[in-house]
Every structure is written in C-alpha cells, then in structure tokens.
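Build out the structure end to end from the sequences listed, making use of the hints.
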Amino acid sequence: MPFRISQESLTRTTLSNINLNYKKMQETQEKLSSGKQINRPSDDPSGTRKVLGLRTEELQLQQFLDNTATAKEQINITSGTLESTEELFAKIKELTVQANNDTLGRSERETIANELDELTESVLQYANTENNGRYIFSGTKTLTAAFTATRDSSGNILSVSYNGNNEEIKYQIGANSFIQVNLPGGKLFQDNKTFSTLISLRDALKATTFDSAAFSNLRTTLETATDALSTEITKNGAKANRLDLTTYSLESSQTALKELISNTEDADVASLIMDLKHQESVLQSSLKTGAMVIQQTLLDFLR
Amino acid sequence: MASDLQIGLSGILTAQRAMLITSHNISNANTKGYTRQSSVLATRNPVSTSAGTLGQGVELVKIIRHKDDYLNSRLRDISSSIGSASTKSQYLRELETVFNETSESSLNNALSSFFNGINDLSLNPENISVRSTFLENANTLTDTFRRIVNELDQMNTFIKQSIENKLSDINTITTNIANINRQIAALEMKGIESNDLLDKREALLQDLSKLTHITVNKQNNGMVDVMTPGGALVSGTNVKKLTFDVDTSGTLSITDSEKVTKYTFKTGEIKALQDFYNTTIVNYDKKLDNLASGIIKDVNRIHSEGVGLSGGFANIKSINSVSSATAALNAAGLTITPSSGDMYITVTNTSTGEVTKNKISVNVATNSLTDVKNAINSTTSGTAGNITASIADNKLQIGTATGYKFNFSYALDPNPGTLGTSTASVSGVYSGQSNDTYTFKALGSGTIGTTSGLQVEVKNSSGAVVATLDVGSTYTAGNTLNVPNGVSLALSSGTITTGDTFSLNVISDSDTTNLLAALGINTFFSGTDASNIAVSTDVSNDVSLIAASSGEVGNNTNALRLAALLDDPSAISNTSFADYLHQIASALGEEANNAYKSEESFTAIETSLQNRKDEVSGVSVDEELVNLIRFQQAYQASAKYISIVNGLMDKLLSTFG
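Protein sequences, first through last, are from chains F and U.
According to this note's numbering, the first sequence is numbered sequentially starting from 4.
According to this note's numbering, the second sequence is numbered sequentially starting from 23.
Check the hints yourself; a few may be wrong.
Claimed, not checked - No farther apart than 25 Å at their CA atoms in a straight line, the calculated lysine to any residue pairs in the SDA-like style are these: (1) F:96 <-> F:209; (2) F:39 <-> U:395; (3) F:261 <-> U:597; (4) U:395 <-> U:457; (5) F:209 <-> F:39; (6) U:54 <-> F:6; (7) F:190 <-> U:377.
As the list claims (entries may be wrong) - Short, incomplete list of chain F residues facing chain U, as computed with Cβ under 7 Å: (8) 10; (9) 11; (10) 12; (11) 43; (12) 44; (13) 51; (14) 56; (15) 73; (16) 166; (17) 169; (18) 170; (19) 182; (20) 300.
If you are wondering where the hints come from, they were derived from the structure by calculation, not from laboratory data.
From a predicted model like this one, the values you see are computed outputs, not experimental measurements.
Just so it is clear, CB atoms sit at the ideal spot from N, CA and C, and this is done for glycine as well.
So this is what it looks like as structure tokens:
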C-alpha cells in the first residue's frame, strides 16, 4: 500500500498543530498577564502546597509582627509611667529628707505634708494609668481601676486599696514564644503598702509631736518600695530590647519567606516573553504552511 | 461487427461507472466516517476462436470499501479513553475554580484570617470592636466552607443531568445501529454489499464509544452486536435502553430501563461522570467535612472551657440534644462522642467573690445525661442551691440562684485556703500536662516572714514533692513564690504550725470529658461538618460571649490556647489544619494535572490513528482526479473505437449498399 495522504488528514494535522500552538501561547500569556507561574493548583501541585504553606506562615509572621508592635506599645507606656512615677518618688524622697530635720517648725512640716499629699495623689493617678481604656496596673481586671482611695470629708486620702489581681497578660510573639506585657500593680506597689507608707509619712508630719525615729523607719520602708520600681524599669527596658530583637528577626524571616514565595510562584517574565516570541513564530509558520498545503490541489495545474 | 461494438460499449460503460465511483469519493471527501471506495475491473469472458481466445472487453466486477477493522476498533477504544479523560479534565478544571486555593478568596486565606482574628483578640480581649471583627473573620470562614460545599452540590446536580442526557444519546445511537443492522442484513441476503450503510454504522459506533467503551462483535449476516462489560447494548436488531438509579447511600449506577441489571462501564464519558459523582466529589466533600468538623471540635473544646466578658453565666442551655436523657452518653447520638473523665464547674458568689470549684466525674459508658444533671445538683454548690441543673427537650440546662454565676474555667482558685493564721492566695495559669491536686503542708512552726528556716512543702496527688518553699526570714509576707508549672503562691503574714495543710486543684483541662463541646454548652461553632458549620447564634448575637479569657476581662489565656490550634501538628490526620487543607489543594492539582496530561496524550494518539486510518480509508482528491483523468481517457478511447467501428460499418454499407 503506497503512503497516501488524504485532504482530511492534511487539515486535521494542520488544525491540531495550530490549536496546540494557540494553547501553548495562551498558557504563556496567562502566566505573563497574572505575573504568576502557578495560577491554579494543577499548574504545579507540589509547588501549590509549598506556596500555600509559605503563605500561611507569612500571614502568621505578619500577625506576630502586629503582636510585637502592640506589645511594644504597652511596654513603652508602662515604662513611661514607671519613669514618671520614679521621678515623683525622687521628689518625695527629697521632701522627706527636708522634713527629717528637728529644727523645722510644725507649720513648715504641715506645708511639706501638704506637698506630700499632692505627690501621693499624682502617684495614685499614675497607678491608675489607662491605655486604650485599659488600666495597665490592674492585672487582668483591666476594666477596673487598679487603686481606689478612701477619703475623709475634706478629701484627704485615708487609705488606698488594690482592686486588681496578680495575673499576667502574655502576648504571643513567635512560635512558642510569649512575652508578659502587663505589670500587676499589686507587685509594683506591694499591694497597698507603698501607699500606706506615703500616708503614714504624711500623717507623721502632720502629728502634733514629730516622732523622728518612726519617720526614719518609714523612710526606709519607702526606700524598698522605690527599689521595686527601679527594678521593674530595668526589666521593662530589657523587654523592650527583646521586642526590638524579635521585630528584627521576624522582619528578616518575613523577607526571606516573601522571596521564597516569589521564587516558587512568580513568573519569570524575561524567559516567558522569549517563549512567547518563539511560540508566535511557530504558530505563524504553521498557519502559512497550512494555507499553502490546503489550497493546492491537482486542479490548480489541470487546464 | 456486433461484438466489436460490444467491446467498445463495455469500455465506455465501465469507464463511466469507474468515474461515478471516483466522483462519489470526491463528493464525500469531507464526509465524516466515509470510507474510500474503488472499482475493480476485469476482462469479460473471452470467445474461443481457432486462433485462440478473443477478448470481449472489460467489466466492473466489484466496488471495494477500503477499511481496516483493526484501526477502527483501536479508534473506538481511544475515543472512549478520550471521552473519559476530557470529561474528567473539564470537571476537575471546574473543581479547581471552586476550591480556588491560589486566589485571595480561598479557604486557606479564610482560615489564616480566622486565626489572626484570634490573635488580635488575645491583644485586646476587652475590646468589643476587636471581638466583632473576629466574629466577621469566623463568619467568612464558615461561609467559605458552606459556599464550597454548595458549589460541589450544584456540580453533582449538573453531572446527574449530564448523565441523563448522555444516556439518552446512547439510547438514540443504539436504536439507530439496530435499524442499520436490519437494513444491512436485508441487503446481505440479496448478496449486496452495502458500503455506505456500513460507513454510517461505523460512524455511530465511533460516537457511541466516546460515551462508553464497547466491544463490537460481527455476525455472519452482516449485523453487529454491541457489548459492554455489563451486558449487550445491541444484539442484532434488539436494543437495551439504559437509565440510571441513585441508591439510598447516594451512589449512582447505570441500569437497564427496568432498573434491574446494573451496567459497569470501563471508560468513556459516562463512566467518567459516574466516577466524578460517586468518588471524586464525595472524596473532596469528605475531606472538607473532616477539616470543618476538626475545627469545630477543637475550637469548641477550648472555647467551652473559657469565659466571656461577663466572667460567667447565670443560665445556659445546651445546643445539641441527646437521643435519650437516660441513654449512656457514648451512645446518646452526639456527633462528638464524649469520653470518661472530669468536668469542673466554678461557681462564684458575685457579691463576695467567693469561688467554689465543683468536680463532676463522668463515666460515658454508664452515665446518662440525667446522671450528669443529678451529679451537678449534688455538688457542693448544687446542694447549697446555688446552681441547679435540669433537662428539657433532651438538652441540659444549668442555672444559678440570684447573686451567683458559674463557668467551666480551668482558672486556679485564687483563695484556696489558709495555713494556720496565714491566708494563701494563688495566681498563674497551670501549665502541667494533666489535672492534679497540689497539697501545701507546713514543715515547721513559726511566723511567716520571720522564723528562720520556715518551709512549706508542696506535693502532687501521687505524693511526689513538687516544691519546697521558703517562707521564713528570707520571705516577705505577701510576695509571690513560684510553685512549678506556672502556679504562684503568696502567703499573708501569720503563724503556722507543723502539719497545717490546704490543697489546690491545678487544672489544665477543666473538661476532660469533652461533654461541653459535645452538648454544645458555651461553644463557638454550631454544626457538625462543612455543610452546616456556623458561628453559634448566642455568640453571633452577643460577641461578649466569645470566651477569650479564663477569668477576668483582661485575661487572654483562652484566646492564646485557641490561637495555638493553628500550629497544632496533630490537629487532624497527624498534621495541622492548614497543612491538611494544603494537601487537599495539592491533591486536587495533582489529579487535575494528570487528567489534562492524559487528555493531551490520548488526543495525540487519536490524531495519529486517524491519520493512519485515512492512509487506508481517506479520500485523496488528487488521487481521485488522476483516476478521473485515467477513466476519462479510457472513455474517450473507447468512444473513438466505436466511431472507428462505425466508420468501417458506413464504408461497408456504402460500398455494397
């Protein structure tokens, strides 16, 4: 049997090749226009799983970054408040030094006592600092003012009580990595001991007879209270550093992840354009040869 | 002379017939399934003379149909395979669009947003707007699940319709084949070869194979039987009509019109549709259900032990009902089967803040919901009348007396008791693996914070020493001491005596039975699978119920526990939720990719087979033109011969006439 080529098979071959070329071009075109190598899972099944996994990881990293930023804000506010409170205590200390002088008269002590009263009010105000509607020193009872004062009829503080608890609030800043962002006032102000010391100091100054020994004892107690304060300031500074480091490492992991996602998922435009050009020329030649072959029959030459 | 004319006439007539066949070929050059025909010419019987046999001209003895049965049957097989592959590709492509995992609106993104929402909640558990945003994230997740399931359902309906249409196509084709069989057999009886009918039937068989794989058996009378693995579709002039049936388990099968005999097809469009309906969609549906029910179960398990903004409930009713209030809990028709263990109900006096922890032990093989109700009512708080459990509509209901609230938290009892005159206060979150009871015991006598060397020993329930705490001169009364596993203790000033003791329940899982999640008490999601997953109505109506805390409003312990679910490496089928989903997407991609590839390769095979068939059976117009010219010349020559014979005749007649 001689090798026969029918008209039908000529058209079929030409058409199927043209279709194949168009299909290839369409695939290249899709990748170019979306900018992505993977447009649906079947384009690269294992790449899809990788990209999806990386994307989940990337979103989680972004969340950790957000968490870290919020933690940083809280720590900063706490630090600021602690530093201002420490300044108040420095002033209070100065006043007590001034007051612990036998040569002072009663009225002078009274003036100092009033000044101490004002400073205590300020300390109380700082102890009830709010951030975003949350009391930062109340433990987890964040919607309850940390400290409330009982006052006499003329508004002088008689006693201060702690309403918060000692529970920690932790934020997640990495896989299995947490940071405590709050500082329960119970620890910081030793329940209400710091305040009761301040009140006792004031009362001692107001007393008709000044008990210098008792006053000295109170000053020592106050000293321990301020020690606790500066310890916490240092701790907070360390926390802020840790958060900065965390942010840095999270950001660099994120950059690396993004690059990895882009390597797997993004289209290589230059090589795709080369492909497209090549496919275009193949398509054109198949169209041209098709037109030539299909048109001609023996009839063209029979006269 | 007469025989001379006869020879000329045979030449003319034969050339004419041969040209007829050629022109039939040319005019059918583009007819689908047409098989090239050609003429077989032979000499007519010669006349014997003394000189030898004298030729008597030419005649057309046969019209041949150029066919190759092997190629035809290969083409039928391959067109069944293409039918399968192209149908599979088409629907997998649609399924890929439904899952849409590489796009922004994917389930993957919804899942990530859900967990990111939990994280945001852990940053601001008190904030109502953060809670509302989280609710929206959760709604997006549940909507996406339901959207996909819904689209799968729609695909199923469409596939069923499509099967119905294709079966009716089969019935039409087989009826036509049977009709042609009859006509062919009738002609065959008269000894006539019915070339064009054979072509027509071949084309029908080809169309039929696209729908389902068939074997064709030729009979002696020219008829063909069409067989499938399930039985004959056409035998001679008889046709088996097909229809389909969906059984109670939802499996679609192809049957005869009486729905008695089941037909199993090997390949072809219908087989692919049937597989898609019975296996592929069911498979992806099941995987989605697994994922959704895993998320529902884990989130609810953790959520049910948490506490919303109000710190507790005055009244709560379970969402899910048991089949019978007296049936054992592991056989009471609950979607999540509870297990034996302990459940804690914490009752708080809202005015004094006094906390009572009530432990309820449940054996799911013997206890019924009624037993649980009775157990709650006979706890310390139950006996005191502070909480009351009841059953209505096979659902558990728990309520409190005025001035009390309750929750199911694992938070530690902040005031577990006293040692001598010193009051103990506890804080922290127990991080141990299993629930335990710590016993605190004074090892000596003296004053807290004063007596040198004064110690308190902590033992766990198995009697092992967990910690020995110094509470003597190195300790300042009221300061916190670290007991291991996240628990902290502070003792107020006072005196203790050797042997003074109190105990503390340290709980990491306040419901080891999972009964709360099973019954739907204080749960976040309602529903059981991907088709009905939703945020529970209570939570949707009041976002303050979202249990981010294990106690106070600013507590985020439970939110952190929920957030940790995303990373749980054994959440579902030994992998994390996200990875399980990624596996689904990648498996679908793999399946689709394979289908596209096999469609391509089958199509390539078909094209080459078609070309091979055309080498034998196809019409080459050029070839036919050559033949046409050949026969035209033969005709002209024969005509010339007749005219010469005619001339001779004239000459003869005029000479002798």
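Hints, verified against the model:
no., hint, verdict
1, F:96 <-> F:209, "17 Å, holds"
2, F:39 <-> U:395, "59 Å, violated"
3, F:261 <-> U:597, "24 Å, holds"
4, U:395 <-> U:457, "23 Å, holds"
5, F:209 <-> F:39, "79 Å, violated"
6, U:54 <-> F:6, "21 Å, holds"
7, F:190 <-> U:377, "23 Å, holds"
8, 10, "5 Å, holds"
9, 11, "5 Å, holds"
10, 12, "4 Å, holds"
11, 43, "5 Å, holds"
12, 44, "3 Å, holds"
13, 51, "5 Å, holds"
14, 56, "5 Å, holds"
15, 73, "5 Å, holds"
16, 166, "11 Å, violated"
17, 169, "4 Å, holds"
18, 170, "6 Å, holds"
19, 182, "12 Å, violated"
20, 300, "5 Å, holds"
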